[in-house]
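As given, the protein sequences belong to chains A and B, one line each in that order. Just so you know, we're using my numbering here: the first sequence kicks off at 1 and counts up by one. Just so you know, we're using my numbering here: the second sequence kicks off at 397 and counts up by one.
The reader is advised that the hints may include incorrect statements.
[Claimed, not checked] Every beta carbon over 12 Å from chain B, so not counted as near; a handful from chain A, in silico:
hint	residue
1	V53
2	H174
3	L186
4	R205
5	D210
6	D361
[To be verified] Calculated cross-link-like contacts (lysine-lysine; reagent style PhoX-like; alpha-carbon spacing at most 20 Å):
hint	chain 1	residue 1	chain 2	residue 2
7	B	K666	B	K542
8	B	K461	B	K564
9	B	K656	B	K686
10	B	K457	A	K204
11	A	K364	A	K278
12	B	K666	A	K224
13	B	K686	B	K647
14	B	K597	A	K204
15	B	K431	B	K542
16	A	K204	B	K666
17	B	K600	B	K656
18	A	K224	A	K234
19	B	K666	B	K595
20	A	K204	B	K461
21	B	K595	B	K402
Please keep in mind that the hints were generated in silico from the structure rather than gathered at the bench. Since the structure is predicted, the reported quantities are computational estimates derived from the model, not experimental observations. For every residue, glycine included, the Cβ atom is placed at its ideal position computed from N, Cα and C.
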Amino acid sequence: MSEVQVLNGNKAAAIGAALCKPGVIAAYPITPQTPLVEYLAEFAADGRISSSVCEVESELSAMSVLTGASLAGSRTFTATSSQGLALMYEPYFRASTLRLPVVMAIANREMISPQTLWGGPQDSLTVRDAGWLQLYVEDNQEILDSIIMAFRLAEDPRVLLPMNVCYDGFYLSHSAERVEIPSQELVDAFIPEYQPQHIILDPKRPMAVDPLTNGYLLTEYRMKHMMAQQNALKLIDELDQEFGKMFGREYGGSIETYFCEDADFILVTMGSMTGAAKDCVDLAREQGIPIGLLKVRMVRPFPAARIAAVLKGKRAYGVIDRNVSFGWNTGIIYQEICASMYRSNQNVLNVPFICGLGGEDITKAHINYAIQKIQERAEGKISQDTIWLNREVEIV
Amino acid sequence: MNLIDKLATWEDQISPGISACVGCNVELTLRTCMKVMGPNTIFAIPPGCMGGVGVVGWDKKSGAKTPVFFPLLDNVASMLAGIKLHYEHIGRDVNVVAFAGDGATVDAGMQCLSGAAERGDKIIYICYDNEGYMNTGYQRSGSTTKGAWTSTTPVNHSGQGGKRQNKKDFPLIMAMHDIPYMATMNPAYIPDMVRKLEKAKEIKTGLVYLHVYNPCVTGWGFQSDFSIEVSRLAVESNFAPLYEVENGKFKMSVEIRNPKPVKEFLSRFKKFSHLTDEDIQELQEWTDFKINRLKHLCTL
Numbered sequence: 001m002s003e004v005q006v007l008n009g010n011k012a013a014a015i016g017a018a019l020c021k022p023g024v025i026a027a028y029p030i031t032p033q034t035p036l037v038e039y040l041a042e043f044a045a046d047g048r049i050s051s052s053v054c055e056v057e058s059e060l061s062a063m064s065v066l067t068g069a070s071l072a073g074s075r076t077f078t079a080t081s082s083q084g085l086a087l088m089y090e091p092y093f094r095a096s097t098l099r100l101p102v103v104m105a106i107a108n109r110e111m112i113s114p115q116t117l118w119g120g121p122q123d124s125l126t127v128r129d130a131g132w133l134q135l136y137v138e139d140n141q142e143i144l145d146s147i148i149m150a151f152r153l154a155e156d157p158r159v160l161l162p163m164n165v166c167y168d169g170f171y172l173s174h175s176a177e178r179v180e181i182p183s184q185e186l187v188d189a190f191i192p193e194y195q196p197q198h199i200i201l202d203p204k205r206p207m208a209v210d211p212l213t214n215g216y217l218l219t220e221y222r223m224k225h226m227m228a229q230q231n232a233l234k235l236i237d238e239l240d241q242e243f244g245k246m247f248g249r250e251y252g253g254s255i256e257t258y259f260c261e262d263a264d265f266i267l268v269t270m271g272s273m274t275g276a277a278k279d280c281v282d283l284a285r286e287q288g289i290p291i292g293l294l295k296v297r298m299v300r301p302f303p304a305a306r307i308a309a310v311l312k313g314k315r316a317y318g319v320i321d322r323n324v325s326f327g328w329n330t331g332i333i334y335q336e337i338c339a340s341m342y343r344s345n346q347n348v349l350n351v352p353f354i355c356g357l358g359g360e361d362i363t364k365a366h367i368n369y370a371i372q373k374i375q376e377r378a379e380g381k382i383s384q385d386t387i388w389l390n391r392e393v394e395i396v
Numbered sequence: 397m398n399l400i401d402k403l404a405t406w407e408d409q410i411s412p413g414i415s416a417c418v419g420c421n422v423e424l425t426l427r428t429c430m431k432v433m434g435p436n437t438i439f440a441i442p443p444g445c446m447g448g449v450g451v452v453g454w455d456k457k458s459g460a461k462t463p464v465f466f467p468l469l470d471n472v473a474s475m476l477a478g479i480k481l482h483y484e485h486i487g488r489d490v491n492v493v494a495f496a497g498d499g500a501t502v503d504a505g506m507q508c509l510s511g512a513a514e515r516g517d518k519i520i521y522i523c524y525d526n527e528g529y530m531n532t533g534y535q536r537s538g539s540t541t542k543g544a545w546t547s548t549t550p551v552n553h554s555g556q557g558g559k560r561q562n563k564k565d566f567p568l569i570m571a572m573h574d575i576p577y578m579a580t581m582n583p584a585y586i587p588d589m590v591r592k593l594e595k596a597k598e599i600k601t602g603l604v605y606l607h608v609y610n611p612c613v614t615g616w617g618f619q620s621d622f623s624i625e626v627s628r629l630a631v632e633s634n635f636a637p638l639y640e641v642e643n644g645k646f647k648m649s650v651e652i653r654n655p656k657p658v659k660e661f662l663s664r665f666k667k668f669s670h671l672t673d674e675d676i677q678e679l680q681e682w683t684d685f686k687i688n689r690l691k692h693l694c695t696l
């Protein structure tokens, strides 16, 4: 039987991970992920989970312990934020290139400097090309459900890649809302036991793991890694439907669309801002503005074809990024979407927005302004220059 | 079974034909360690000499009969801790062993090792200390002796230079973590080495740290047929004493009644050839100070 509780995002993540019964957990506390580590320690102390919990001395060790445990055959889980992820970078890249299905929650937090500890996905987006699967979620129910799906997807023999489930620090990590917790039986039925065949450190099956490898062979590894990413893109949509049938909740797979079919204009969002943005779309629709919303869920692999299909033939779209792409003078997701459109030979007018950096609020006033600007862009009234919403919109 | 029979009976876990330098006493150390550890072992060799000579494999071939892998230079102990946790979780007893150089141990990997020691992760960590980054042409490490020439502490035309700082006393640092067992070893003292490795294998209460002093033929500059002789001189001059610390109790393994002058040891290597008599005297005093401190610790 499932039960309903009021949970903050960190607790939803901890419960999601616990339901998947990892063999080894290693995590180092960092704001805003800290309560998650405490919840897991509490679950272990109470005997709610049988996992070995390693009280590591840093994030570098958290990812390293899990790399070792996963190589030996364990299902593994960790979580971090911001500077912790940066410290992990060396074993982070390696976990994916060793094809180890580690699952890591990221309570997204802005990167320093200036010194900051508030929300924003700059941390995980910056490492989007390190070979992991990355999924970004909107609310606490989606955190819990996505962690369950993440283990299944990461460990699929057609994928075998580590996966991040990313949620906005504080907006989700520390905000409580209604979350339905599925029964252990249901989760057990959804996720089979992890039995690695591709790589193992076991005296019963001796092998030299990761010896020096020449470029020709390395190229083959990279090609297979890329294929696995593409497999994951197909599988996330199938998995989402299967999850929906079993658990009664669906998320659209790699993207979610909201009133897109008959829309002339599309607003693209990611993460927790999507809730407010949906309200703004409702309001605009009431006023007769034909706008829809596209929520990006998977960033790696990037659902280029699905996004291009949604945006095809629209009059204009705008992308709100809570992050920056240094050197492009736009956000990162905007660039990804531009690339997707170019790859599908489409030219739709667009406008990039940056909003909510360092945990600044993204309010309905910001989003309404963005919707107005997307229409102006369609009419040729404004250029393609980035609009910094927090600087342009005065909040009363 | 006596030592000779043991070493003759136990299977060599390292493949023949690894490409270590002629006369390398680290190869002897590795083969001895892995013979004692036996086939029920997973071992890690971070980037460094023993990784570079093909023990972790090359071109789809393995240099070891037991499972072996490259950890990162800076995460050896943590990766092993994860492996050990997995086997503890599923209830299987497997030896989980590091064979790491001093760079990976006393410099880049020190945080992970210190963390694993403090947590009591049940791994055996063996450091082969050849006083520098040898695989990349002998750059200094925190374990390089003061005064030594290295490629990053060069000696100029007027004979000035060399490392300016003291060698980090890493065995003592590890002992002070209050781990169940810490011991120093030396390739000129194989019976002592085997005894310590056998003891290490039996310990199930926490991390074991073993520190081997390995003079390097290529980097330090001496003829390969003196590889064992110079290693022995390090002990006989008290420069690298053999001792062990079991549950906090210090004990000398080899008592040197009439220590040889440190000069006799230092003068065997090209890397010290520029040292003046004052430099050598300073190292003698440093050695005397350290052996006295160690002997004092043995009385506690």
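Problem - Which numbered hints fail - result: Hint check: 1, 4, 5, 8, 12, 15, 16, 17 and 19 fail, others pass.
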